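Engineer: As a plain string of letters, each chain reads:
Protein chains: 4
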Amino acid sequence: MKFKVFSELEYYVQFPTTFIFNIHALRATHQTILEETLIVDPFFRAEEFNSAQGENRFTRLEVRKKTNLKVTYNAVVDSYHEVVDLSQLEAVPVGKLDNSVLPYLFPSRYCQSDKLAKLAYDKFSKIKTTYGKVFAITEWIYKNTDYLSGSTNSQTSAYDTVIERAGVCRDFAHLGIALCRALSIPARYFTGYAFQLSPQDFHACFEAYIGGKWIVFDATKLAPLNGLVKIASGRDAADAAVASLFGSVVSNSVIVTCECLEPDFVPIKYKPNEYLGVSF
Amino acid sequence: MKFKVFSELEYYVQFPTTFIFNIHALRATHQTILEETLIVDPFFRAEEFNSAQGENRFTRLEVRKKTNLKVTYNAVVDSYHEVVDLSQLEAVPVGKLDNSVLPYLFPSRYCQSDKLAKLAYDKFSKIKTTYGKVFAITEWIYKNTDYLSGSTNSQTSAYDTVIERAGVCRDFAHLGIALCRALSIPARYFTGYAFQLSPQDFHACFEAYIGGKWIVFDATKLAPLNGLVKIASGRDAADAAVASLFGSVVSNSVIVTCECLEPDFVPIKYKPNEYLGVSF
Amino acid sequence: MKFKVFSELEYYVQFPTTFIFNIHALRATHQTILEETLIVDPFFRAEEFNSAQGENRFTRLEVRKKTNLKVTYNAVVDSYHEVVDLSQLEAVPVGKLDNSVLPYLFPSRYCQSDKLAKLAYDKFSKIKTTYGKVFAITEWIYKNTDYLSGSTNSQTSAYDTVIERAGVCRDFAHLGIALCRALSIPARYFTGYAFQLSPQDFHACFEAYIGGKWIVFDATKLAPLNGLVKIASGRDAADAAVASLFGSVVSNSVIVTCECLEPDFVPIKYKPNEYLGVSF
Amino acid sequence: MKFKVFSELEYYVQFPTTFIFNIHALRATHQTILEETLIVDPFFRAEEFNSAQGENRFTRLEVRKKTNLKVTYNAVVDSYHEVVDLSQLEAVPVGKLDNSVLPYLFPSRYCQSDKLAKLAYDKFSKIKTTYGKVFAITEWIYKNTDYLSGSTNSQTSAYDTVIERAGVCRDFAHLGIALCRALSIPARYFTGYAFQLSPQDFHACFEAYIGGKWIVFDATKLAPLNGLVKIASGRDAADAAVASLFGSVVSNSVIVTCECLEPDFVPIKYKPNEYLGVSF
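Chains as they are written, first to last, in this note's numbering: chain P, 306 to 585; chain F, 306 to 585; chain X, 306 to 585; chain Y, 306 to 585.
Chain P on its own, in the form it takes in the complex:
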């Protein structure tokens, strides 16, 4: 399925600043970049590099003078979303997890799974399958958390959200990840462009590791799961921030769009007892 994605970020740079952007669509087995441009205005040389694990395509930009900066990214991306019959997939016991998956069991900055152990156990441990547990986690978050722009900030973590019960997509994702890890289910943060997300913005959700595959879940239910174009994954938002800034800037505007270039898009959202999962 082909998507056209676009983002435009505007800053006022006050002092020399190094930017690390995380806005490129990822190059991956199931995602091909057909066209892509990055425009930096005024021109500064941008250096692209991958994270060590290949889960992010970072763009590094050094701006050494006071200026208004506009970074514009355009791409056409072919994303293949595998729809998996989860009733056929067994959980992977911790004893069999691949070493590259193991870090996604550990607590991280915004996902203090160690603190949520008893909550997760009380609410979800009796559910039989791994898919059933993660599905129940997303339903629980959806029911108990209000999506409320501006209710949280960059320091808000799963520990806060479980009490304050309001947040944005990033907070919903962090809570989902923390609850999965608390049940020994590896889970990671997922950022991307999202077709039919309203209003249009960068989106965040999470992937849980079930039966050897990373299955995507979205506790906000704000966008179809097969309309996502992956930017990055990581332990949490600390690994996959849209922009990490080392210096001093004012962010002026962010515009994001995602269109589907094919006429036959059929949105997928999970339903109880369907056991379908979307994997990238």
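If you're looking for bench data, these hints aren't it; they were derived computationally from the structure. Keep in mind the model is a prediction, meaning the values are calculated, not measured. Here a beta-carbon is modelled for each residue, glycine too, at the ideal position from N, C-alpha and C. Careful: at least some of the hints might be erroneous.
Derived DEER-like restraints, expressed as beta-carbon distance ranges [as the list claims (entries may be wrong)]: (1) X/Q460 - P/F354: 41 to 51 Å; (2) F/A357 - P/E341: 21 to 31 Å; (3) P/D451 - X/F349: 54 to 64 Å; (4) Y/T434 - F/T334: 53 to 63 Å.
Starting from the known structure of chain P, fit chains F, X and Y onto it as the hints suggest.
Structural biologist: Same frame as chain P, but now just chains F, X and Y:
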């Protein structure tokens, strides 16, 4: 320099449990394992594997029945500690950091560098060199934090320690890491066996990335820096716990020793204005 | 109903210390002290005084030398427990609350009702009567929190307990208070001796203000509500600690007992749809 | 000294709401209200009452319909500010504190003195006099905390401010109180109108109990201490919020002014080694 290291961990396993141990001396460029045995009593097959980045040697053990378990590790290790003249090393700007180093700039579970930004800036930003900053950070932690066994637990993070001002080696390390990252200096958690540590135990300290090298720092000042035998590094204790347990066990005892097998050990601790750093 | 209560606290006083004890049975309209002795061994003059609001009888003791100290309190108390038909009581709107009740609406050290507003609203606001809300709060705490000695400490607050889901009587009380206040129901901390509490110890629960009366609730369900002998009430444990210490001591032992001196004690615990409340 | 104070608060009331305002100048031994009007537009009957301890004059207002509401307070107040020679005042040991002062030793919602014990002890316990300690606390807060509008919110507490090192007058006051209490110095929150505060707004600072008097301290240094017109005191902002709202409203604007009606105002701010204190 040759060291003989030993650890013995005893558990009562109540329910089937997967252990992931992190007690082997690391195989690395500057550290050679000359001899090594791991005894699991009663016998269960232990599987050794490395973390994806090669910074940990994990041992995975599945114990499927109720039992007392004793895990004993013995090794003779040759560790080469490079003593670096830091006055010759320049800071690596964020714009030039290798992608494998970048994650050590981001906040993590126990090192909320984002929350300590202003504190770090106020106290240390005026110090000129990167080494000077990290040295001052360790001195500040040493002066303002009491080493107090039992004062903290596995959920204690740098955010707590900066206020409560008491902790153990793990807490001192987390605070050091958080303050470095808050100043855009990459820093990571380091665990090891430590010669002349009293009382003998597993030890934790941290490494800061200066001039392209990972230099070890220890804000507890409890052990010579050239008496360390590296077990693992990671973002924080979440990545390098001595034992991660998935199941239900009671920990009964931990015994650790580290001896130097050479007669001419000259302990190294940093002093102001000496600009010497120990790197592994 | 007559009760015989006893407490014995032993300390090793290392440096000159002022103690403020909160172990005397309260003198109140519905509670009469029939006999009472306080023995301080070795002898130091104890000064008794009431809190400004009359909700505590404090005993102040100044120990000016290194010593072992034993404080023993014995009393026979006649406590009258009114059993209230709550179906007849209406809620008191904030607009009609007496000024002495108002502070129990505000958040306090261990009862951050401001942070629990949304949780309380989501879970309990649809329940019709004030009694029904508070009853549901105690049931929810009882079901979702494990009573676990040693799981918390003197810094643990309702914010922690709602996530960690384990605690002791003090933590159950704080969470109950915080959730009540979040719904604009005044609530206060209650400490006392408790008949049939097992094992015997000082007990803590809470009172909610319903229909102009303070009705006692106990989310631990560990003791009959009509077996309580009131020591003190306050905003939370900060106001009604068993002992506040200004100096340096080691606590060696605490022994507490509470017996009923009458043969016909019929324990009261609340049941759904009964609308009975115990008031002191 | 005579002051003219004014405040005007505008709200949009969405649902029936009970307001408890705390905007009247306090009637106290050293403060006389010469003239005073409160206008509620549209008219709703306002009920005035004092807190149980007489430290607040609350105004309660019930608004039972959807409306725009404007509350305007005007007063001319004669405030007598005693200037105390603190070199003559001795500390009051805990053993001699009056029962009405004792609660100001205990931790409260925004002043977690129990968590700051070691920090307070390390930094200030060696200073000899009580005044010296409190003076040093205000200097330390002033030096280490940025006054930054919008950097904190109604949930921010002393625990956060000591780390985040930014806040508004309320946060400066909370931190001062917490550090005093951690040293066994009673301290309470103080709100008022403040002459020469720029920009004009409600102000908050704190009082410490020294030599039997409540001495006012202001770690923001934003206003002269003898230009304060007292509104209320309390354990912290939970007791003395400008407006506590039970219902649903939108706050539209707040305007505050404070003028001195006498020509010979000489501003007082504390200086090192002067030992002068302002008491109300």
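Engineer: Now look at each hint and say whether the structure bears it out.
Structural biologist: Right, here's what the structure says about each hint:
no. : hint                        : in the structure
1   : X/Q460 - P/F354: 41 to 51 Å : 44 Å, holds
2   : F/A357 - P/E341: 21 to 31 Å : 28 Å, holds
3   : P/D451 - X/F349: 54 to 64 Å : 57 Å, holds
4   : Y/T434 - F/T334: 53 to 63 Å : 59 Å, holds
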